[in-house]
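Trainee: Generate the whole structure from the sequences, applying the supplied hints.
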Amino acid sequence: MEILSVEFLVASAVGLLTAAGIYLILRRRTFPVILGLSLLTYGVNIFLFATGRLRVDAPPILDKYAKVAYTDPLPQALVLTAIVISFGMTAVVVMIALAAYLSSKDDRIDMPHHPEDEGEDA
Amino acid sequence: MNHFLIAPVVLPALVAPFIIMVVRHHLDLIRIFSLASTVALVAISMVLAAQAADGTVQVYELGNWPAPFGIVLVLDRLAALMVLLTSVLALVVNLYVIGTGWDERGANFHALFQFQLMGIIGAFLTGAAFNLFVFFEVLLIASYGLMIHAGGTRRFQAGVQYVVYNLLGSTLFLFALGTLYSVTGTLNMADLAVRVAEIPAEDTALLRVGAVMLLLVFAIKAAVIPLHFWLPASYANAPLPVAALFAIMTKVGAYAILRMYTMVFGPDLAITEGLAGAWLMPAALATLALGAIGILGSYRIGRLVAFGAITSMGTLLTAIAMFTPESVAAALYYTLHSTLAAAFMFLVVDQISERQGIEITAQRPMPQSGLIAALFFAGAIAMAGMPPLSGFLGKLLVMDAARDHDLVWWIWAVILVSSLITILGMARAGSLLFWKSHGVTAAASGQEQPEPYEEEANEQDESPPQRVAALPIVACFALLSGLILLTVFAGPASRYAEATATQLFTPQIYIDAVLGRGTQ
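Chains U and Z, in that order, give the protein sequences.
Using the numbering used here, the first residue of the first sequence is number 1, and each one after it goes up by one.
Using the numbering used here, the first residue of the second sequence is number 1, and each one after it goes up by one.
Because the hints were derived from the structure by calculation, they are not lab data.
Idealized CB from N, CA, C, for every residue including glycine.
A few of these clues could be false.
[Unchecked claim] Now the in silico label distances, taken between C-beta atoms and shown as ranges: (1) Z:A201 to U:D110: 40 to 46 Å; (2) U:A13 to Z:G274: 22 to 28 Å; (3) U:R53 to Z:G357: 54 to 60 Å; (4) U:P32 to Z:L206: 27 to 33 Å; (5) U:I22 to Z:E359: 36 to 42 Å; (6) U:M111 to Z:R428: 45 to 51 Å.
Mentor: Take a look at the structure:
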């Protein structure tokens with residue numbers, strides 16, 4: 001069952017999420033780009049989780065009186081921080097993209113050059 | 001432990017929510033608190049700079065957790081210098097924004113402004129790599145809000161690009177940090193430096209990947225080619241006083257490069273020897289060249305100055321990429337200059353766009369044309385690095401430091417030619433805006449003729465004329481006098497920069513202070 005080890009699953013999940021994320025980010029409209037950013041942040045979260053080494057069935061607590069195997073707790077704290085930040089950032093980018101879409105009636109990510117909206121300086 | 005060290009982070013972090021929650025509906029109170037906080041920041045950072053000036057490295061352990069385990073803030077000469085620069089710039093921009101009423105054009109300007117300061121200052125002070133990421137996010141999320149302040153279709157569209165680009169950068173930052181952590185098991189910068197030096201060379205493939213990814217992240221922040229694409233559109237479409245504050249944001253990237261690649265992946269470290277410099281130098285030179293060409297090709301004043309900011313980042317990173325004490329000292333002096341110069345230029349350009357719009361075209365002469373033209377002229381001189389102002393000295397120092405570098409002729413040629421192109425571009429814009437305008441007759445501009453004067457008359461009716469008219473100009477002159485002071489006191493300033501560079505190239509002091517070894 002070597003092929004279905006935890007390492008293989010985690011690595012392929014990171015790879016798939018990153019690949020899909022990058023593909024979507026290169027799209028032309030804001031919606032797929034934001035989806036791509038979300039997938040990419042999922043990918044990086046799993047990647048961060050794996051940086052403390054993968055260990056099955058081990059608590060993230062060090063017991064100095066017993067010689068037990070433990071898993072590194074720090075990446076889990078990092079992942080938590082990263083999740084919170086990426087969640088907030090996704091909310092912000094959705095709001096700004098929505099504002100851009102509602103005011104220009106167009107959700108293209110590139111800035112089309114409309115000569116008529118030159119006088120936008122507020 | 002000196003609790004004063006965390007004050008510049010805590011103060012804006014407390015003032016911002018106070019502004020949102022308590023005084024939200026009173027513009028005058030908001031302004032008073034925001035301004036008071038910024039003035040206090042200047043005072044605090046002056047004290048910190050005085051404390052750091054003797055070369056001691058102070059460490060603040062948050063929650064009293066010892067260094068490799070807890071988060072630390074570290075104050076050395078470099079951090080103190082950057083914090084001081086940030087708070088001085090913030091004070092001027094704050095005065096300008098209050099004077100022009102930019103803060104009335106959208107919600108929560110001052111709260112976002114304070115959060116932005118918290119993020120920038122935190123990024124300069126922190127001694128932990130993951131904490132650097134967190135402060136980057138704080139400053140970015142505040143900058144997203146500031147960038148789309150006052151709204152507008154184009155600003156929102158540019159905002160989306162800016163946010164997406166920076167979110168990608170943040171994700172890459174996390175990948176880089178994860179890679180470094182998986183190899184070294186630490187994220188404290190001083191501890192990283194120790195562990196990286198101990199790892200045997202054959203196990204460092206991942207570490208080098210992490211180092212390069214980290215360099216890419218900081219290069220995005222510093223707007224180095226080919227990662228600069230976010231800058232022109234976002235700076236030019238942001239409210240221009242906000243762009244003036246953003247002049248310090250690209251320097252955060254340069255600071256991070258300087259910090260990480262002198263301490264953790266230092267120039268003497270065998271596994272990454274010359275790696276940062278070898279990649280950064282051509283990119284920096286290309287940045288410089290492209291910025292100059294962009295100045296020449298800009299048809300809007302915002303883009304003109306945005307490309308000016310790119311040019312200055314090119315010069316700055318050229319100096320950093322040499323990684324010698326002399327070049328870093330030159331880079332630090334040039335940092336001070338280019339931040340003030342870019343901010344000054346953004347404020348002047350905002351004055352122009354308030355009077356006649358953002359296009360670089362000949363229109364009827366604007367009100368106070370002479371004064372604005374003089375300010376633009378001074379800013380153009382500063383930005384191009386022409387003699388009387390400090391940009392000249394900065395570029396001279398950079399070129400002098402390049403004397404022993406392999407690419408010396410390339411560096412000199414690119415700096416000199418791009419300076420020439422910058423002068424041409426600035427002269428073109430200036431003469432179109434200020435000289436050609438006298439040739440435009442009233443008949444040519446048609447019905448729009450009475451408009452600018454009418455508007456100004458209205459403004460003067462509504463509010464006390466002196467204050468509204470004077471404060472923005474005072475802010476511009478404050479930055480200009482900063483540049484002049486930097487020129488007059490170039491000796492002391494460059495001596496401080498040299499001392500800072502020396503400290504950066506003896507990272508052992510920093511490492512010992514953070515890890516609590518040796519004399520403390």
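Trainee: Each hint needs a verdict: does it hold in this structure or not?
Mentor: Status of the hints after comparison with the structure:
1. Checked against the given bound of 40 to 46 Å, the beta carbons of Z:A201 and U:D110, roughly 45 Å apart, stay inside it.
2. Range check, U:A13 to Z:G274: Cβ separation about 36 Å, and the 22 to 28 Å hint is violated.
3. For U:R53 and Z:G357, the Cβ-Cβ distance of about 59 Å falls inside the hinted range of 54 to 60 Å, so the restraint holds.
4. Between U:P32 and Z:L206 the CB atoms are about 32 Å apart, so this pair conforms to the stated range of 27 to 33 Å.
5. Separated by about 37 Å at the C-beta atoms, U:I22 and Z:E359 satisfy the suggested range of 36 to 42 Å.
6. In this structure, U:M111 and Z:R428 break the distance hint of 45 to 51 Å, their C-beta atoms being roughly 24 Å apart.
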